[in-house]
Amino acid sequence: MKKNIIYFDNAATTWPKLDQTKKIVNEYFEECYVSPNRTNKKIDILTSVRESLLKYFDCPPNFDVAIVPSATIGMNVVIASLLKMKKTHIITTNCEHHCVYRPLTELNAKFDIVDYLDSNYNEHPERILDKVDKDTNAIIMNHASNVNGQIFDIKRITCNLKQKNVIFVLDISQSAGSEDISLKKMNVDIAVGSIHKHLYGTPGIGYIIFNKNIELYPIYFGGTGKFSSNLKQPDILPDKLEAGTFNTIGLLSILESLKVVNKQFRENARKYENELVNYFINSCEDISKVKIYGKSLKHRTSVISFNVEDINPNFVVAPLLEKNNILVRAGLHCAPIIHKTMNTYPEGTVRISFSKFNTKEEIDALVKILKKF
Amino acid sequence: MSIAKYILKEATPCADYGKLTVEGKFEIMDNKKFHKKIYELIPDISNINSGQILIGKTNDFDIYIYDNEKFVMSKLENEHKAICFLNNLVK
Chain A
1 MKKNIIYFDN AATTWPKLDQ TKKIVNEYFE ECYVSPNRTN KKIDILTSVR ESLLKYFDCP
61 PNFDVAIVPS ATIGMNVVIA SLLKMKKTHI ITTNCEHHCV YRPLTELNAK FDIVDYLDSN
121 YNEHPERILD KVDKDTNAII MNHASNVNGQ IFDIKRITCN LKQKNVIFVL DISQSAGSED
181 ISLKKMNVDI AVGSIHKHLY GTPGIGYIIF NKNIELYPIY FGGTGKFSSN LKQPDILPDK
241 LEAGTFNTIG LLSILESLKV VNKQFRENAR KYENELVNYF INSCEDISKV KIYGKSLKHR
301 TSVISFNVED INPNFVVAPL LEKNNILVRA GLHCAPIIHK TMNTYPEGTV RISFSKFNTK
361 EEIDALVKIL KKF
Chain B
374 MSIAKYILKE ATPCADYGKL TVEGKFEIMD NKKFHKKIYE LIPDISNINS GQILIGKTND
434 FDIYIYDNEK FVMSKLENEH KAICFLNNLV K
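For the protein sequence lines, the chains are A and B, in the order given.
Under this note's numbering, think of the first position of the first sequence as 1, with each following residue one higher.
Under this note's numbering, think of the first position of the second sequence as 374, with each following residue one higher.
Some clues are possibly wrong.
Derived lysine to any residue pairs resembling SDA-like cross-links, with alpha carbons at most 25 Å apart [said to hold, decoys possible]: (1) B:Lys-448 x A:Pro-346; (2) A:Lys-291 x B:Lys-398; (3) A:Lys-323 x B:Lys-405; (4) A:Lys-289 x B:Ser-419; (5) A:Lys-323 x A:Ala-12; (6) A:Lys-371 x B:Asn-420; (7) A:Lys-291 x B:Tyr-390; (8) B:Lys-430 x A:Ile-311; (9) A:Lys-340 x B:Tyr-390; (10) A:Lys-289 x B:Ile-421; (11) A:Lys-368 x B:Asn-441; (12) B:Lys-443 x A:Ile-326; (13) A:Lys-372 x B:Ile-421; (14) B:Lys-392 x A:Tyr-345; (15) B:Lys-382 x A:Glu-347; (16) A:Lys-371 x B:Ile-418; (17) B:Lys-392 x A:Val-308; (18) B:Lys-382 x A:Pro-346; (19) A:Lys-226 x A:Thr-39; (20) B:Lys-398 x A:Lys-368; (21) B:Lys-443 x A:Ile-6; (22) B:Lys-430 x A:Pro-319; (23) A:Lys-291 x B:Leu-427; (24) B:Lys-443 x A:Ile-5; (25) A:Lys-323 x B:Lys-454; (26) A:Lys-371 x B:Ser-419; (27) A:Lys-371 x B:Asn-441; (28) A:Lys-323 x B:Asp-440; (29) A:Lys-372 x B:Asn-422; (30) B:Lys-430 x A:Tyr-345; (31) A:Lys-371 x B:Lys-382; (32) A:Lys-291 x B:Cys-387; (33) B:Lys-454 x A:Ile-311; (34) A:Lys-372 x B:Tyr-412; (35) A:Lys-323 x B:Asn-404; (36) B:Lys-443 x A:Val-308; (37) A:Lys-323 x B:Asn-451; (38) A:Lys-372 x B:Ile-415; (39) A:Lys-340 x B:Gln-425.
No lab work stands behind these hints: they were computed from the structure.
Source: prediction; values computed, not measured.
With the hints as constraints, model all of the structure from the sequences given.
In structure tokens, the structure reads:
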């Protein structure tokens, strides 16, 4: 039931969720789903989730998964681990989220930011490799931007990376459940993501999918339900990254989502969401005050950023839409650097993002309001 | 007697205005006087959607008033500037 809300913030978290997700979450309150690795009743949700994620993202055989509370925490773990290695220089792009910039900054990392909106990189993504030097340990980048929806051609970067001995870390928060992701084919060493966006799971679960040859270190410590005689954190992956009680509701929801959001589902949803993107762009054609950023992007998600000329996105456009029950996100979207490149800093943009549950009628309602400016 | 009361707190918008942003609520006792006063104090004022949102711009701040109830003041040097303006507006 969608109620009387037009929800266009699916890049933050999708809503509504799938019926199957709702069903399993309700079941949690009826059935005795115990805490993984704790109670004597063995329900191995964790193993099922790990196996499902590895299969879903088509991982090579030497990969494993750590379950963490969010993609941001996952990225913190990864960055802190990278900085413990011999080489510590990191390359990233101007299209990243604060889950990359803030840990790099707080941990005093040596890092370079490549302008990926520049046509030089846009047309030749592999040129990021020119920035690799003898101290470079890793490249960290988004699969898809959470600001303008651009999807990056990862294979063109990673195909020449192996001989350079550089770890490739991919943030799949925006593309998981939307794009067909094969970490094997993409030559990705570590992928970090969440389940509550286009995988339609509940918030509060992130994952680090990693090549077991790469050493990852915990950033928080505590009970893992195993090796309890040891006061030190057990030195076993992925357990050592998973201190604390698991979000069992989230684990159940992702098990269901991974079954439902299969290749066919993704294909249909992608096709439909692309239709909605084009419909919105075409509907705004004759509204001269509306500027859409990246409207000519060929390979994109359903995320669109726009502004209304001379009108503040945070304090005018978003509140006016809210009054009309249209929910969007305005501002910098935790990704300030891409806004500097797009010349939308410091006010940012209004961001809309569609899911399979949105309709053209809902877009008409939004466009009708934009025409009033 | 004042024409309105207000409460004020610091806001944290998802954008960087480099300066302070505050938000708050008005409880307006005299709507007519309140509007007259605001247009007196801020010559550069515009309205969106038949007055649903009033936008005022000054050298010291921008103010947005929603449905004569909620407000946001951005680009402030400090909270004192907001308080001076608001006290003047409601008295």
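Do the hints match the structure? See the list:
1. Between the alpha carbons of B:Lys-448 and A:Pro-346 the distance comes to roughly 11 Å, so the proposed pair stays at or under 25 Å and holds.
2. Our distance criterion of 25 Å between C-alpha atoms is broken by A:Lys-291 and B:Lys-398, whose separation comes to about 32 Å.
3. Taking the CA atoms of A:Lys-323 and B:Lys-405, the gap is near 24 Å; set against the 25 Å cutoff, the hint holds.
4. In summary, the hint linking A:Lys-289 to B:Ser-419 is supported, as the alpha carbons are separated by about 17 Å, within the 25 Å threshold.
5. For a cut-off of 25 Å, the pair hint linking A:Lys-323 to A:Ala-12 stands: about 20 Å separates their Cα positions.
6. Of the supplied pair hints, the one linking A:Lys-371 and B:Asn-420 holds, its CA atoms being roughly 15 Å apart against a limit of 25 Å.
7. As the CA atoms of A:Lys-291 and B:Tyr-390 are separated by approximately 21 Å, the hinted pair is consistent with the 25 Å bound.
8. With a C-alpha separation of about 12 Å, the suggested pairing of B:Lys-430 with A:Ile-311 holds against the 25 Å cut-off.
9. Between A:Lys-340 and B:Tyr-390, the direct Cα distance comes to roughly 13 Å. Compliance with the 25 Å bound is thereby established for this hinted pair.
10. Restraint check: the Cα-Cα separation between A:Lys-289 and B:Ile-421 comes to about 14 Å, which is no more than 25 Å; the hinted pair holds.
11. For the suggested pair A:Lys-368 and B:Asn-441, the alpha carbons sit about 24 Å apart, so the restraint of at most 25 Å is met.
12. Annotation: proposed proximity of B:Lys-443 to A:Ile-326 holds, straight-line Cα distance about 19 Å (limit 25 Å).
13. Distance check on the hinted pair: A:Lys-372 and B:Ile-421 sit about 9 Å apart at the alpha-carbon level, within 25 Å; holds.
14. Restraint check for B:Lys-392 and A:Tyr-345: the C-alpha separation of about 14 Å stays at or below 25 Å, so the hint holds.
15. Distance hint between B:Lys-382 and A:Glu-347 is fulfilled; the C-alpha atoms sit about 20 Å from each other, no more than 25 Å.
16. Restraint check for A:Lys-371 and B:Ile-418: satisfied, since their Cα atoms lie roughly 21 Å apart, inside the 25 Å limit.
17. With a C-alpha separation of about 23 Å, the suggested pairing of B:Lys-392 with A:Val-308 holds against the 25 Å cut-off.
18. Of the supplied pair hints, the one linking B:Lys-382 and A:Pro-346 holds, its CA atoms being roughly 22 Å apart against a limit of 25 Å.
19. Distance check on the hinted pair: A:Lys-226 and A:Thr-39 sit about 12 Å apart at the alpha-carbon level, within 25 Å; holds.
20. Among the hinted pairs, B:Lys-398 with A:Lys-368 is inconsistent with the structure: their alpha-carbon atoms are about 29 Å apart, more than 25 Å.
21. A C-alpha spacing of about 23 Å is found between B:Lys-443 and A:Ile-6, which places the hinted pair at or below 25 Å, so the restraint holds.
22. Between B:Lys-430 and A:Pro-319 the alpha-carbon distance is near 18 Å, which keeps this suggested pair within the 25 Å criterion.
23. Between the alpha carbons of A:Lys-291 and B:Leu-427 the distance comes to roughly 23 Å, so the proposed pair stays at or under 25 Å and holds.
24. A hinted pair counts as satisfied when its Cα atoms are at most 25 Å apart, and B:Lys-443 with A:Ile-5 qualifies at roughly 22 Å.
25. Between A:Lys-323 and B:Lys-454, the direct Cα distance comes to roughly 29 Å. Violation of the 25 Å bound is thereby established for this hinted pair.
26. For the given pair, A:Lys-371 sits about 17 Å from B:Ser-419 by alpha-carbon distance, which is consistent with the 25 Å threshold.
27. Proximity of A:Lys-371 to B:Asn-441 is assessed by CA-CA distance (about 24 Å); at most 25 Å being required, the pair is judged to hold.
28. Between A:Lys-323 and B:Asp-440 the alpha-carbon distance is near 10 Å, which keeps this suggested pair within the 25 Å criterion.
29. Between A:Lys-372 and B:Asn-422, the direct Cα distance comes to roughly 7 Å. Compliance with the 25 Å bound is thereby established for this hinted pair.
30. At most 25 Å may separate the alpha-carbon atoms for a hinted pair to count; B:Lys-430 and A:Tyr-345 meet this at roughly 19 Å.
31. At most 25 Å may separate the alpha-carbon atoms for a hinted pair to count; A:Lys-371 and B:Lys-382 exceed this at roughly 33 Å.
32. Between A:Lys-291 and B:Cys-387 the alpha-carbon distance is near 20 Å, which keeps this suggested pair within the 25 Å criterion.
33. For the given pair, B:Lys-454 sits about 24 Å from A:Ile-311 by alpha-carbon distance, which is consistent with the 25 Å threshold.
34. Using a Cα cut-off of 25 Å, the hinted pair A:Lys-372 and B:Tyr-412 holds, with the two alpha carbons roughly 23 Å apart.
35. For a cut-off of 25 Å, the pair hint linking A:Lys-323 to B:Asn-404 stands: about 21 Å separates their Cα positions.
36. Between B:Lys-443 and A:Val-308 the alpha-carbon distance is near 22 Å, which keeps this suggested pair within the 25 Å criterion.
37. With a C-alpha separation of about 29 Å, the suggested pairing of A:Lys-323 with B:Asn-451 is violated against the 25 Å cut-off.
38. With a C-alpha separation of about 24 Å, the suggested pair A:Lys-372 and B:Ile-415 falls inside the 25 Å cut-off, and the hint holds.
39. Between A:Lys-340 and B:Gln-425, the direct Cα distance comes to roughly 31 Å. Violation of the 25 Å bound is thereby established for this hinted pair.
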